[in-house]
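Colleague: Using the sequences and the hints given, assemble the complete structure.
Chains as they are written, first to last, in this note's numbering: chain A, 1 to 455; chain B, 1001 to 1396; chain C, 2001 to 2486.
Careful: at least some of the hints might be erroneous.
[Said to hold, decoys possible] Each computed EDC-like pair below joins lysine to aspartate or glutamate, with the alpha-carbon atoms no more than 16 Å apart:
| # | chain 1 | residue 1 | chain 2 | residue 2 |
| --- | --- | --- | --- | --- |
| 1 | B | 1286 | C | 2107 |
| 2 | B | 1286 | C | 2104 |
| 3 | B | 1358 | B | 1372 |
| 4 | C | 2323 | C | 2264 |
| 5 | C | 2390 | A | 24 |
[As the list claims (entries may be wrong)] Computed footprint of chain A on chain C; a stretch qualifies when at least three of its residues, placed anywhere within it, have a C-beta under 8 Å from a C-beta of chain A:
| # | stretch |
| --- | --- |
| 6 | 2018-2024 |
| 7 | 2028-2034 |
| 8 | 2135-2143 |
| 9 | 2265-2274 |
No lab work stands behind these hints: they were computed from the structure. By construction, the Cβ of each residue, glycine as well, lies at the ideal position given by its N, Cα and C atoms.
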Amino acid sequence: MVVAEEADLRRLGGFSGTDVPEPELLRACVHCGMCLSSCPTYRMTGQEMSSPRGRLWLMNAVAEGRLNLLDPVFDEQMYQCLNCRACEAVCPSGVHYGPLVEASRAQLEQHRPRPLWQRAVRKVALGWLFDDLSRLRGVVGAIRLYQRTGLQTLARRTGVLRVMGLAEVEAMTPHISRRFLIPGTERWRPQRPAAAVQLFNGCVMGTVFADTNRAAARVLAHNGNAVDVPVGQGCCGALHVHSGMMEEARRLARRNIEAFEATGDDPIIVTAAGCGAALKEYSYLLKDDPEYAERAKKFSERIHDVTEYLAKRPLQEPPRRLERTVTYQEPCHLAHAQRITEQPRKLLKSIPGLQLKEMRESSLCCGSAGIYNLIRREMANDLGDRKAQNILATDAQEVITANPGCAMQLRACLDRKGNRMPVRHIVEVLDEAYGGEQAARRGRWVADRAGSEVG
Amino acid sequence: MCPSAVVTPQTPTEVAEALADAAERGLGVAPVGGGTALALGNPPERLDVALSLERLTGILAYEPTDLTLSVAAGSRFADVQAVLAEHGQTLPIDVPEPERATIGGLIATALAGPRRYGLGTLRDLLIGISVAHPTGAVSKAGGMVVKNVSGFDLMRLYHGSLGTLAVIVSANFKVMPLPRFESTIQASYATLSGALAAADRVRGSRVRPAALEVAQTDGRWLLAARIEGREETVRLLARECSDLLAAEATTLDAGDSAAWWAGYIKEESLARHERGVTVRLGTVSKRLGEVLTRATELATEHELPLEAIHVSPGLGAALLKIGGEADEATVARFHQWRESLLGLTDYLTVMRAPVEFKRGIDVWGKPPATLDVMRALKQEFDPTRVLNPGRFAGGI
Amino acid sequence: MDRASIIERLERIVGPGGVFHRPADLLVYEYDGSVDGAVETARPTAVVLPTTAEQVAEVVRLAAAEGLPVVPRGAGTGLSGGAVAQSGGIIIALTRMNRILEIDREDRVALVEPGVINLELTEAVQPDGYFFAPDPSSQRACTIGGNVAENSGGPHCLKYGVTTNHILGLEVVLPDGRIVWVGGRTAGQPGYDLTGALVGSEGMLGIVTKALVRLTPLPEAVTVMLADFPDIDSASHAVSRIIGAGIIPAALEMMDNLTIQAVEPAYHAGYPMDAGAVLLIEVDGIAEDVAATAAEVRELCIEVGAREVRVASEKAERELLWKGRKMALAAMGRLAPNYYLHDTVVPRTKLPATLRRVGEIGNEFGLRIANVFHAGDGNLHPLMLFDRHKKGDVERILLASKELIKYCVEVGGSLSGEHGIGTEKRGYMTLVFTAEDLAAMAGLKNSFDPRGLFNPEKVFPKGYVCGEVRALRLQAMAQKHGIYAF
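Modeller: The structure is reproduced here in C-alpha cells:
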C-alpha cells in the first residue's frame, strides 16, 4: 500500500502586484462542471486541468497559497487556454472567466523570469509593431510584396519555408488587400443619411483585410449610415490583454478613447469580433484609472459589432440573389464574449437565395484565438482539423465568419485538407448581395477620398 | 422430487426463522407461491422443505393518489388487481394464472407476457422490496417513492433470481392508471416472414402498441397488436395499424380485446399442460425470423411436433410448445434439436418439461458468461446453499 | 512498490500523456460538482486517463496487486462526492473514452463508451428521430458512464424512466481486472440481473467501459403549459389530480415564488411574478392525443384553483417557458455566492406538508430556501442559499439539511432521488436502513469487490466495513433458532 505523498506545493503567498485576479470573481465558481463540454482544450484532452473549472481551481489554489504561482502546471494551463470564453456563456453562476485568466497571465508576466530573447520578441512583436500602425503597415506591405512578386511561389517551391520552420505561419498568411484603409482618408455617405457611425479600423482589419472594412462601410451606407474612420485610432490591444501585457493594452486603450471622443456619441462599429470584445471591456481594463474609468465606460457603451448594429433595424432588401449554401463559424469573441449569436444568422438569412446550413460545434473555437495558433500549433491544428471536418460535412460552398483570426485559421485548416472553399466575412457576403463597389456608381451611396463632402 | 415438509409461516420473521433453521440443519428449501412456476428450472440438488408464502397475504399500504402499493409476497395477483381496479389502477403485466400466481412468485420468476413489449415488466415497477435471508434476518431495499437512488438497487437483483438469493416477503410498486380504452388489431398471414414484415412496419410506426405478437394458428400466422389509451386515439391508431398490416384486418374493442388476450396469455401458462415441452428462445429482433425458420426446420427433421409458437417480434423472443411423449427416443431427439439451436440463439430455456427431458442438461442453456460473479453472489447471500440449490442458471 | 514505480507502471499502461501525478495536476481532481462543506475534498495518488477497456483492466489489476483504491470518474459533475478519492488511490477518468461506437436504428440501441456526453448522444441520434431519455440538468457536461453509476434522472424521467430503464447491457471491468459483458441486445437472458445491480452502484462494483443504451423515439408533438397557482398547496393538489387522472406528463415541474422572483427578471420567460407557485407541464405523444391531453390538464388545473394556464405548442414559445426552469439554478446562483441543492423524495401526497416544513426550516435557520423541482415524482430540490466564506454559514446549512432530510424520511420519503449517496449522504443511511438492510447491500458489494478497493468510503456509513458485515452474518447464522413446527 502506497500512501499518497504530501504534495510539495510551496507556499508563495498567492498573487501580488498589479492585476491580481479578483477574489470576488474567483469565488463565484462553485465547480459544478457545467462549463467542461464547452471548453475546446478540455474537449481535446479530456483532462480536468485543461478545463475552465480546473483552471479556476488552480487560480484559487494560488490565491489561497496552496500552489506556487510559478508552478509549471499553472503557467502551462493559463497559456493553454484559448480565452475563447465559451465557458462564460454556459456558466450558471455567471463567472467572468476572461478577466480572471487575463489577470493570471498578467501575474505570470510580472513575476516570471523570461529569457531575454523572449522578452525582446514580445516587445518588438506586440509592443513596437502595434504601437504605431505605420510600422505594421510597413511590415504587411512587405509581405504583400512577397505575395505579389512571385517570391511566394519560389519560396513555396524550394521548400525554404519548411527549412526555416515557417511553412505553417506562411500558409496562414491571407491574401492581403491591395490598398490599406488609412483612418481619415476615406468615408461613405448615403444619399439620405439616417444615422452617423464611426468605423473602428483596427490593425489587421485596416491592413490585411482593408477591403473587408470597406465592404462593411458600403453595407452600412447602403442602410442609411454615414460612415467615417476617425484619425488617431490604433490597435485595440486585445492581443496584449490576452498575453497579460496590461500596461501596453491600457496605453492603446487610452489612445483609442481619445480618438473617438472627438466624434461625439456616434455608435462605433467594429468588424473584428476580437477587437469588439476587447473594446467593450475597456471599462473593465481601465476601471482603476481615475482619469479614464468613466470615459472608458462611455466608450465601451458605444461599441457595436457590425452584425449587432445591422441586425437592430430592418435591413434594406438586397437586390441580388445569392444562390448558394453557406455555413457559419461563430467567432468565440462574438458568440461567447459578446453573446452575439442570432444576429449574424439573421443577416445571412435575409439574403435572398442564400441557404444557411449549420455545422456541428459551430461555437467551438477553431483554434485561432488571437496569436494562439502561432505559439501553440499542435492544439491549434487539432482544433482546426476538427473544425474543417465539421465545415466539410455540411457540403456548404462557402464558410462565413466575422473575425480576421478565424478567417486565417479556417483558410489554413481547409487548405490542409486540400479544400479551396472561400472563407468570407459576413459583411463581404452582404456587400455582394448589395452589388459591391459597383453599387456606388448606381448612385445609392457615395464613397470618397477624404476631403470633399459629397451627397 | 418431493419435499419432506411444508412450512407456512405467517410473518416475515417466521420466514426468516424457518430459513435460518433450514440453514442450520443443512436442508434445501424451495420457496413456493401459487405453485404456477414449479416446473421452472433445473431439478434442485436438494429439496427438503417447501416454504409456502400463502399465508403472507394482503395489501400493506396503498395510496392511490401516489400510485404506490405495498403488498405481501403471498398475495394472489388477481386479488391485488381487484383492489387496484377499484381505483382505476393496475399492475400492467400479463399473468397466465392470475388467481393462483403470487406477487412474490412473479417477481422471483420474472415471467413476462406480451405487454412487456410496450409496458415493460415488474422490474420497471418495483420500487421497494423486503426479503428474508438464510441468516434469519429480514432486510429491505428501496422504499415507497417512485424515484429513489438510496443504496444499491437490490430490487433488480432479486427480480428474476428464482428464490436462490433470498425469499421475497413483500414488495412495493409504482402502479399505473388503467388504460381508458383498448383495441386489438389482428391479421393473418400465410408465412412467418409475411407476418414479421408486417410487425416490423407496426414497430416502425407511431402506433406503438402495448403488445405485438405473432402466433401460429391452423397453419397460418396471426398477428395481433394491442393498443391502449384514450378512446379516440386508440381508434385512430387502430385504423392506422390496420392500414400497415397489408392484409384483411379485424379489430376487437374493449372487453373483446381484453378477453382475447387473456386467452392468449393463458396458453403461455407453465402450469397448464401436463405433457410436452415448453421452450423460450431469444435473439436480436432482426435475426428472429431466421432463427425461428431454422428452429421449425430442425423440429421437422427431428420429428418433434411443434404444437404452438408465440412470437414477440419486438422483443426478439418466442415461446415454443413441443408435443410428444417422454420416451427415450423423443428425449434424445429433443436434446439434439436443442443442442443445434443453442449456437443460433442468445438463450434457449426449457421452461417446462417432464423430468426426463431435464436430465443431463442445464435447462437454462449455455451458462451465463458471468457465472462466477453470479456464484459469488450466491455464496454471499446463501453460503450454505439452502435456497433452491442448483435450480437456477449454471446450477446456481 | 514505491510511488515512483507505480507511476512508471501506469505510464507503461496508458502512455505518459495519460498519467497525472504532479501535485498541481492532482489538485484539480480533489473535487467534483458537490457542495463545499457537504463533501470533503481529497487528493488521489495518481490520475489515469485510459483510452481502452484493456487499459482500464490493466490499471485495475495493478491497483489490486498494490492494494490501492480505485475511483472511477466521468466529467466530475456529480453532486454527492462520488468521484472524489476519499482514501486516495488511483482515479480512472474515462473522459478520453468518448466515442459513440454504433447507432443501430433498427433495434433502437446505441453502443457508447462511458465518456460520451449525455446531450451529445441525443444530438447524434436526433436526426434519426431518437433521443436518450435520461436528461439530468448537467446533461450538457455529464457522461453516460456517470449516469449509469448514479442512475441519473431528470425532468423527463417522469414519463420515460430513469437511467436504469434505458441501459440494456454493459461492458464492465471488475475489481479483479477482468472485462465482462452483462446484459445485451437480447432481453430476458437467464441469470441474475447484473446490469440492474450495476446501474446506480456508484462505481463500487465495477467500471463501465461500454454501455448499450436504449434509444427512445422522439415524440411527434409536444405541448408545454405554464399553470399559475396562488399558493403551493393548490399547485401540489394539481399535481396529484393530474397523476390521479391517469395522465403521465412527459415532465411536471414546480417552481415556488422565490424561484420565480429570481428567474423572471433575469430571463423574461413570462412567469407571473405574484404566483405562489407555477407548474410547468409538458405533454407529448401523437399530435391528436397531445391536444386532448393538454386540454384535460388545463381543466384539472383550473378546477383546483389555477388562475391561468398558458399553453405553448410552438417550439420557440415552449423553449421560452422551459428556459425559466432550466436557468433557475443559474438565477438562484446569482442571488448568493453558493447554494446547496438538495435531492430528497417524498410521496406526492406529502408534497404540501413537506414544502411547508421546508419553509419552517428556512425560518428556523435564517436561510433563504427556494423550491424548484420534479413535482411529478415527488423529487424535491430545495435550494439553500449561503456564502461559504461567511463564518458559520456552512454549519447552518448542514444543520438545516439534517432537519430537512429527517423530515422527508419521516413522511416516508427517501434520501436521494437522483444524485446518489456518495459521501454526501452516507451519514444518513441509517435513518432509512437497518443493519440488516445494509448487510444485504454489503453482500452485493462483497460478491463483486471483497477487498473493498472500488470507490471506498461511499454509500455505507462511516466506519462501516463490508468485511465486518460478513462476520456479523455468520454470527447470526450461528445463533440458535427454535425448531419451527412442520
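Colleague: Each hint: holds or not?
Modeller: Status of each hint after checking the structure:
1. About 8 Å separates the Cα atoms of residue 1286 of chain B and residue 2107 of chain C, which keeps this hinted pair within 16 Å; it holds.
2. Our distance criterion of 16 Å between C-alpha atoms is met by residue 1286 of chain B and residue 2104 of chain C, whose separation comes to about 11 Å.
3. A threshold of 16 Å between alpha carbons decides the hint, and for residue 1358 of chain B with residue 1372 of chain B the separation of about 23 Å lies outside it, so the pair is violated.
4. Proposed proximity of residue 2323 of chain C and residue 2264 of chain C is supported: the alpha carbons are some 10 Å apart, at most 16 Å.
5. Of the pairs offered as hints, the one joining residue 2390 of chain C and residue 24 of chain A holds, with about 13 Å between alpha carbons and a cut-off of 16 Å not exceeded.
6. With a threshold of 8 Å between beta carbons, the proposed coverage of the stretch 2018-2024 of chain C by chain A holds, since 4 of its residues qualify and at least three are required.
7. For the stretch 2028-2034 of chain C, the stated coverage by chain A holds: 5 residues have a C-beta nearer than 8 Å to a C-beta of that chain, and at least 3 were required.
8. For the stretch 2135-2143 of chain C, the stated coverage by chain A holds: 4 residues have a C-beta nearer than 8 Å to a C-beta of that chain, and at least 3 were required.
9. Figure legend: the stretch 2265-2274 of chain C, annotated as covered by chain A; annotation inconsistent (0 residues with Cβ-Cβ distances under 8 Å, at least 3 required).
Of the numbered hints given earlier, the model fails hints 3, 9; all others are met.
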